[in-house]
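Novice: Protein chains in written order, with UniProt numbering: chain L, 1 to 332; chain Y, 1 to 332.
Zero decoy hints are in this set.
Derived contacts from chain L toward chain Y, CB cut-off under 8 Å, selection only:
no., residue
1, A19
2, D24
3, L29
4, H36
5, D70
6, I114
Each pair of labels, with its calculated beta carbon distance range:
no., chain 1, residue 1, chain 2, residue 2, range
7, L, R32, Y, Q262, 50 to 56 Å
8, L, P88, Y, D34, 42 to 48 Å
9, L, Q309, Y, K12, 18 to 24 Å
10, Y, D5, L, G318, 30 to 36 Å
11, Y, Q262, L, M1, 25 to 31 Å
12, Y, S146, L, A104, 26 to 32 Å
Hint data in this document are derived by calculation from the structure and do not stem from the laboratory.
Where is the CB? At the ideal position from N, CA and C, for every residue including glycine.
Take a look at the letters that make up each chain.
2 protein chains.
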Amino acid sequence: MGEFDLIARFFKRPVQRAALGVGDDCALLLPRPDTHIAISTDMLVSGRHFFPETDPMRLGHKSLAVNLSDLAACGAQPLAFTLALSLPGVDEPWLAAFAQGLFALADAHGCELIGGDTTAGPLNICITVFGEVPVLAGRSQALLRSGARPGDDLYVSGTLGEARLALDALLGKINLPAEALAAARLRLEQPTPRVALGLALRGVASAALDVSDGMLGDLGHILQSSGVGATVDADAATELIAFSPFYIRAAGQFGIKLSEDQWRTLALSGGDDYELLFTAPAHVREAVAQASRSSQTPVTRIGQIETQQGLRLTNRQGQPLANTYASFDHFA
Amino acid sequence: MGEFDLIARFFKRPVQRAALGVGDDCALLLPRPDTHIAISTDMLVSGRHFFPETDPMRLGHKSLAVNLSDLAACGAQPLAFTLALSLPGVDEPWLAAFAQGLFALADAHGCELIGGDTTAGPLNICITVFGEVPVLAGRSQALLRSGARPGDDLYVSGTLGEARLALDALLGKINLPAEALAAARLRLEQPTPRVALGLALRGVASAALDVSDGMLGDLGHILQSSGVGATVDADAATELIAFSPFYIRAAGQFGIKLSEDQWRTLALSGGDDYELLFTAPAHVREAVAQASRSSQTPVTRIGQIETQQGLRLTNRQGQPLANTYASFDHFA
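If we strip away everything but chain L, and leave its shape as in the complex, we get:
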């Protein structure tokens, strides 16, 4: 099977909203009037971002999910994406499964594949995603990292640390029973981009980003962009995993025993969570709760934005904790 047959067979589908899709030198999009095009790109490298033997259907899902998560963090409505794929060879069952996982998530978000590139080489998946954000009265409705203000509440969606728990188990660092691993592994390999929550938070949240490298490290980007500091309740964040139904089941049924600090490390710096971390003024707490309900996405208040620069950690009782929870860096 040649390069063009491969594209035609696995990746060419009828055009939906785009003016021109896969198959010409460029794709063409006609944006709506008074709309920002939100653009993000993520590259996934085999052996770095995923194990080479990862289920290709899940990998197809995750490749798009991490990009949709960036749109979610901006409050953008997904529109389209391009896919560049470097493949060691043509493995038809692998490609069919990859495409199935990819398009299932794309279709769920009305996000169409409009172009791409296919080449031979070490397995590498690079997706660039496009979304729409309305501009109202000259003002973009996009959620940025720079809008956090002293006094704002700090929230996180869903749970933290389960992806890292699965990774540590797969790397043999933690012993996890098979059923517990299967549950945590879904979070690692098939994360849910919080698109509906991001849309519901437009006009409510003051700043947002998605947690990919570890919650505290990613929070640092909001603090730096906004010129503010924060105090985070480490226990509130940690309980998202330690007291989650998953953990209770795991600890009770499977006898997983991790120290308090191990649970904190997973939650605070685990990475690969693809949850939204966002801030909002205290007077819109009911609006945040409404956004959570309407998007059917749990959110938890885990801290406070402050004038004083820097990041402070406390336990549930407000006592200070040392911050030893480093974030992931590809080159550190």
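Please build the complex by placing chain Y on the supplied structure of chain L, with the hints as guidance.
Specialist: Just chain Y, lined up with the frame of chain L:
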């Protein structure tokens, strides 16, 4: 140097036309009204698309050039691009040179870097580029592959085959004197995207694409998309290299001796040319000549679009030639 320092040091620059550039979850573009956004993505893999030891400044240039070439083929005005980079490690002189070559070409075309991703892994460069094409009275001005009509002339810009000549010399398949190699190598490593010609051909050309995998193979895409056939004067195409000042110098001064068929193979299926291959009705020949002059880009008529399906080759005298000039396929 960590990932974020690397981005800040080499790739973050003040925002120009974008509403939001590098550093948030998404970049934001506000398109002009009645404008198509043209989008293309190309992935360059070390050891596949370039030698690992390629001069990084030229590689930075080429990584963007091959993408701008796709915009040129659509008649799109370059606007912005994203860069995803997988690097084996942080080599500061390499990164500085790569960024210098990249931004020199970007600045020459007013095309700004608005976002990206950086990761550790085998060297891989994935750029997604954005351009603008006006929509006049509901009709896109984009040049597509599907517009060729029987009776149209077939043209190619610049010269063909020099990039492949350099590649064959670097691979040791052809013996090329150092000075001749240096000249051909510039065409391989630092191709010129024909952006000005593409813009000048809007409303003139009936179909266009850029030659990347070999001229005859790429012509096949126009024929297939347009549902037409063509006759190509192989000698007219081959003389672009065989009678070029470069070749005359090379043959005269350096005694390069290739057979007629070797020259034809270079010109007809060499690849990596990044020239525009386009069609236009015979009655707009003067407009094509004017587009060539205004863009200061030579164009040569090398054939004719016909109703009869398929691709026919002739020599200068119109006698049929067998087509043994296969195009490049990453998986063939």
